[in-house]
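Residue numbers (numbering that gives the first Met the number 0), protein chains in the order written: chain A, 0 to 180; chain B, 0 to 374.
Derived from the structure by calculation, the hints contain no laboratory data. These figures come from a predicted structure and were not determined experimentally. Heads up, a few of these hints could be off.
Claimed, not checked - Quick list of in silico lysine-lysine cross-link-like pairs, DSSO-like style, CA-CA up to 30 Å:
#1 A:K85 / B:K228
#2 A:K1 / B:K298
#3 A:K178 / A:K167
#4 A:K136 / A:K79
#5 B:K370 / A:K79
#6 B:K258 / A:K83
#7 A:K148 / A:K136
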Amino acid sequence: MKEEIIIAGFGGQGVLSMGKILAYSGLMQGQEVSWMPSYGPEQRGGTANVTVILSDERISSPVLNSYDTAIVLNQPSLDKFESKVKPGGTLIFDSNGFHRFPTRTDINIYQIDAIEYAYANDTTKTFNMIILGGLLKVRPIVLIENVLKGLKKSLPERHHHLIPMNEKAIQTGMELIKKLN
Amino acid sequence: MSYDLKLKEMNDSKKQNIDEVVLMKGNEAIAHAAVRCGCDGYFGYPITPQSEIMETLMELEPWNTTGMVVLQVESETSSINMVYGAAGCGKKSMTSSSSPGVSLMQEGISYIACGELPCLIVNVMRGGPGLGTIQPSQADYFQSVKGGGHGDYKLITLAPASVQEMADFTVLGFDLAFKYNTPALLLADGVIGQMMEKVVLPPFQPRLTDEEIAKRSPWATVGKPATRKPNIITTLSLEAEEMETINLRLQAKYREIEKNEVLFEEYDCEDAEYLVVAFGTSARVSQKAVEMARAEGIKAGLLRPITLYPFPTNAISNYADKVKGILTVEMSAGQMVEDVRLAVNGRVPVEFYGRLGGIVPSPDEVLNALKTKLV
């Protein structure tokens, strides 16, 4: 199994942390993982993105030109990465602030309006975990128990009481996501 | 010698116990490895994309545990000269920076090489020239292996291509530096510094005591007992004959290093008709291009120099009669390609593909270059 994922959005949306949690989850199920962030000036208020690869075999390039799955959380990210999803791949987007929607017909497109939900329900801090839940519903690449194990390993102990809140957000995401095509 | 036995042992001895496997950035791995291998002092000035090295050291607070000194100084000129001073006392000392900062250090590096002092310098390269950009680059190859400072000196140059190697080569770099009493350079780039991968950190080694240092490094300036003459470390010899003697001694040492310490890794090379030569991040990207080429029926292989100095000249030379062509891939305008061409000496065509100024080539681009230039 090998899954090549790009997660892209605004700096501050938790894009890099979500990638990190995904990478930790892969680690907990014994996979090879790589996590490569955009660390350029674009992070400061612009777009941030991270490439995450989970694989059963040694990972060659951490830098990719196409992806199995793209998660895009703002318009510039959709514009940049829609064309880079492999045919038959998956595109997940949050439509908040979008004026142009995905148009490809050779990929699976899912919408998850987590930004709107998070604001309405005062759960903005776990916004990225709602998105992660959506991803795991349509691409069950890691087991939720491994996500929770990964959280436990990556979070300092004083934050472990927040894990149930994150688990709940994952469940919410699984319910929110819907297929568009 | 292919991927050195020492490295193999390092990797084999690591039990892949999930509790020992951690996920961290390459920069963080360097910091952890430095503390664990008994480093005495780190002196540095922050610069992207390697600031996490000092940040992690500051978080680890090793002065409370191993007694290691971590000091943010006012400039790279200061940091390299503090390393010079600490190394002169036989201490395991290091600095890290990125391209423009390492340029500032060149005078000090030349002095340390001439003074025959062991230390570790880390360069997490970014795009240049000038202040350039903060994105990854490999354009400091010439500076690293051809002598960025003045005079006839060489730097043992290790090029990691994974987070694991960032940790392993921190240890190895110090080991080689102390084996030959010469500075070692860990030459990474922004991708390897910033990416997170699985890593098993090296075991803890205690820092040496002053007595142990005096025994291991009898040249060290650790305070003169009545029983010996003063140890003097200097790089100034006004008599040309004396300076030539020093140079000849350095050259003899470099020949030893070239004989003993070459490291490289081969991937899919056994039946290769086309050879890709790349180091660091370019090697990772090229490995994927080789996989894609193989899937299309093109017999490609990858040779990854691990030591850039000493360069795996013989290993590459051996392919001159076996392959139809060689493609060198670098994140530069073409620097290592000159050493590849020297190695094969015109016996086989050597082509080049590179991206400049902070752009990382994609596997597609490398595959395309392989097809259009060689196949």
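Here is how each hint holds up against the structure:
1. With a C-alpha separation of about 71 Å, the suggested pairing of K85 (chain A) with K228 (chain B) is violated against the 30 Å cut-off.
2. Of the supplied pair hints, the one linking K1 (chain A) and K298 (chain B) holds, its CA atoms being roughly 23 Å apart against a limit of 30 Å.
3. A hinted pair counts as satisfied when its Cα atoms are at most 30 Å apart, and K178 (chain A) with K167 (chain A) qualifies at roughly 21 Å.
4. With a C-alpha separation of about 24 Å, the suggested pairing of K136 (chain A) with K79 (chain A) holds against the 30 Å cut-off.
5. Using a Cα cut-off of 30 Å, the hinted pair K370 (chain B) and K79 (chain A) holds, with the two alpha carbons roughly 27 Å apart.
6. A hinted pair counts as satisfied when its Cα atoms are at most 30 Å apart, and K258 (chain B) with K83 (chain A) does not qualify at roughly 47 Å.
7. For a cut-off of 30 Å, the pair hint linking K148 (chain A) to K136 (chain A) stands: about 18 Å separates their Cα positions.
Hints 1 and 6, counting from the list given before, are not met by this structure.
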